[in-house]
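> These are the residues of each chain, in order.
There are 2 protein chains.
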Amino acid sequence: MIPKSHPRYRSLVTRERLAGCARSGIVSWEGLTAHGRGEAFDYLLGEKTTESARLAERTAAAMLTSARHPVISVNGNTAALAAQEIAALQKASGAQVEVNLFHRTEERVQQIEDLLRSAGADVFSGEAERLLPLDHDRAWCRREGMYSADVILVPLEDGDRCEALVRMGKTVIAIDLNPLSRTARRATLTIVDELTRALPEISRACHDLTQKDKKHLTESLNNHYLLSEAIREMTERLNHALD
Amino acid sequence: MIPKSHPRYRSLVTRERLAGCARSGIVSWEGLTAHGRGEAFDYLLGEKTTESARLAERTAAAMLTSARHPVISVNGNTAALAAQEIAALQKASGAQVEVNLFHRTEERVQQIEDLLRSAGADVFSGEAERLLPLDHDRAWCRREGMYSADVILVPLEDGDRCEALVRMGKTVIAIDLNPLSRTARRATLTIVDELTRALPEISRACHDLTQKDKKHLTESLNNHYLLSEAIREMTERLNHALD
Numbered sequence: 000m001i002p003k004s005h006p007r008y009r010s011l012v013t014r015e016r017l018a019g020c021a022r023s024g025i026v027s028w029e030g031l032t033a034h035g036r037g038e039a040f041d042y043l044l045g046e047k048t049t050e051s052a053r054l055a056e057r058t059a060a061a062m063l064t065s066a067r068h069p070v071i072s073v074n075g076n077t078a079a080l081a082a083q084e085i086a087a088l089q090k091a092s093g094a095q096v097e098v099n100l101f102h103r104t105e106e107r108v109q110q111i112e113d114l115l116r117s118a119g120a121d122v123f124s125g126e127a128e129r130l131l132p133l134d135h136d137r138a139w140c141r142r143e144g145m146y147s148a149d150v151i152l153v154p155l156e157d158g159d160r161c162e163a164l165v166r167m168g169k170t171v172i173a174i175d176l177n178p179l180s181r182t183a184r185r186a187t188l189t190i191v192d193e194l195t196r197a198l199p200e201i202s203r204a205c206h207d208l209t210q211k212d213k214k215h216l217t218e219s220l221n222n223h224y225l226l227s228e229a230i231r232e233m234t235e236r237l238n239h240a241l242d
Numbered sequence: 000m001i002p003k004s005h006p007r008y009r010s011l012v013t014r015e016r017l018a019g020c021a022r023s024g025i026v027s028w029e030g031l032t033a034h035g036r037g038e039a040f041d042y043l044l045g046e047k048t049t050e051s052a053r054l055a056e057r058t059a060a061a062m063l064t065s066a067r068h069p070v071i072s073v074n075g076n077t078a079a080l081a082a083q084e085i086a087a088l089q090k091a092s093g094a095q096v097e098v099n100l101f102h103r104t105e106e107r108v109q110q111i112e113d114l115l116r117s118a119g120a121d122v123f124s125g126e127a128e129r130l131l132p133l134d135h136d137r138a139w140c141r142r143e144g145m146y147s148a149d150v151i152l153v154p155l156e157d158g159d160r161c162e163a164l165v166r167m168g169k170t171v172i173a174i175d176l177n178p179l180s181r182t183a184r185r186a187t188l189t190i191v192d193e194l195t196r197a198l199p200e201i202s203r204a205c206h207d208l209t210q211k212d213k214k215h216l217t218e219s220l221n222n223h224y225l226l227s228e229a230i231r232e233m234t235e236r237l238n239h240a241l242d
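Going down the list, the protein sequences come from chains E and P. Under numbering that gives the first Met the number 0, residue 242 is the last one in the first sequence; the count climbs by one each step, no gaps. Under numbering that gives the first Met the number 0, residue 242 is the last one in the second sequence; the count climbs by one each step, no gaps.
Derived by calculation from the structure, the hints in this document are not laboratory data. Be a bit skeptical, because a hint or two may be false.
What the hints assert, rightly or not - Derived contacts from chain P toward chain E, CB cut-off under 7 angstroms, selection only:
| no. | residue |
| --- | --- |
| 1 | R16 |
| 2 | A18 |
| 3 | H34 |
Glycine residues also receive a C-beta, built at the ideal position from the N, C-alpha and C atoms.
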């Protein structure tokens with residue numbers, strides 16, 4: 000048991016929740032390490048949604064709701080941390096929800112689909128094929144799902160897969176706390192924010208934005224600016240850390 | 000299997016090794032997340048030993064070899080990543096090696112002691128008592144070990160325990176990739192470097208330093224400078240990341 004007096008109580012409890020999902024197979028053990036990397040960058044952000052992240056989240060809402068065939072790609076960490084937020088975003092945006100795993104087994108796919116369904120998501124789970132130009136398990140997806148999508152939201156993605164999707168001509172929206180990652184730099188739009196803060200913001204914007212807002216946000220997207228702003232926030236925090 | 004073509008191959012393989020140690024109980028699942036946090040900060044350091052880290056490592060060697068009763072405190076992650084480097088540093092410095100765990104069970108202590116012994120370390124393992132002023136399992140240590148030490152090397156420590164040791168009047172040397180952590184800021188001397196790079200550097204310096212070097216290094220210790228230098232390296236990398 001973690002004592003409540005521990006100064007990192009909240010973060011340690013989230014970690015225990017992830018560890019629980021690792022025990023049941025939803026989260027891969029490597030996924031726990033990836034979560035830790037995210038925590039470090041979130042710490043540098045001050046563990047809050049910055050102004051530039053909010054702009055990115057509104058732009059994501061504009062893109063998802065204007066898409067012909069939007070898809071939300073879900074992996075183990077995303078399902079463990081934010082199954083309900085994914086279900087809510089699906090309702091707000093009309094996007095398909097599809098499970099895609101780096102460490103893929105049929106059993107894990109099934110467990111994660113069950114978790115998403117019990118949180119209220121309508122999961123697309125036709126037969127998977129190796130359709131993406133990648134040399135590991137992430138090549139798998141569904142022909143009528145992600146393969147046909149025009150806009151894909153990839154929370155907590157790996158760089159390879161993000162690159163492959165962009166090369167296939169898709170609009171890729173990443174949620175990634177590391178503004179220097181290949182995912183962050185290759186995505187069409189990068190949201191540098193923590194998952195459970197980012198998803199409700201996108202859902203809210205899906206409801207709120209007018210057609211004019213959407214047009215404006217999509218046309219004025221400047222991902223380099225969004226990444227520089229995230230980096231500026233982080234360096235500022237680092238620079239004042241010892242004050 | 001991770002394909003060799005993956006750009007983060009080395010980091011992913013280390014993570015798999017840690018996951019293997021999580022399976023066997025050496026590394027706690029929460030330890031995997033802590034490792035991820037370290038990875039993020041190491042990435043900002045450029046995954047190399049900086050000049051200021053090298054100075055910190057030489058100072059650590061001076062302190063350990065000048066101590067009356069030096070102790071190296073080892074947890075699960077440290078044993079999993081660097082059992083041999085710990086054994087080598089023990090030989091070079093003459094320090095006691097004692098296992099101390101955040102998520103403590105007798106079985107885990109035993110497993111970690113066995114791993115250290117098989118790597119060649121002489122592990123001090125008398126009966127543990129709750130001797131440190133802390134409200135969780137980290138309060139446990141040995142009266143003739145850490146409790147009596149004047150200088151303690153704590154790789155990958157948590158902030159509470161570092162603070163408690165400093166309050167007990169001990170000289171605490173931390174190895175911590177996060178220069179903003181409470182551990183890093185409370186320790187007498189902080190080495191902002193990756194464990195398997197830092198330990199061999201300290202061992203080398205234990206062999207190389209003259210008495211005069213040791214006196215000079217100990218007297219000129221300025222931990223605020225060492226931390227600012229680490230932060231400067233990180234902000235520099237962040238600032239040039241999008242060039």
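> Output the numbers, in ascending order, of every earlier hint that fails for this structure.
1
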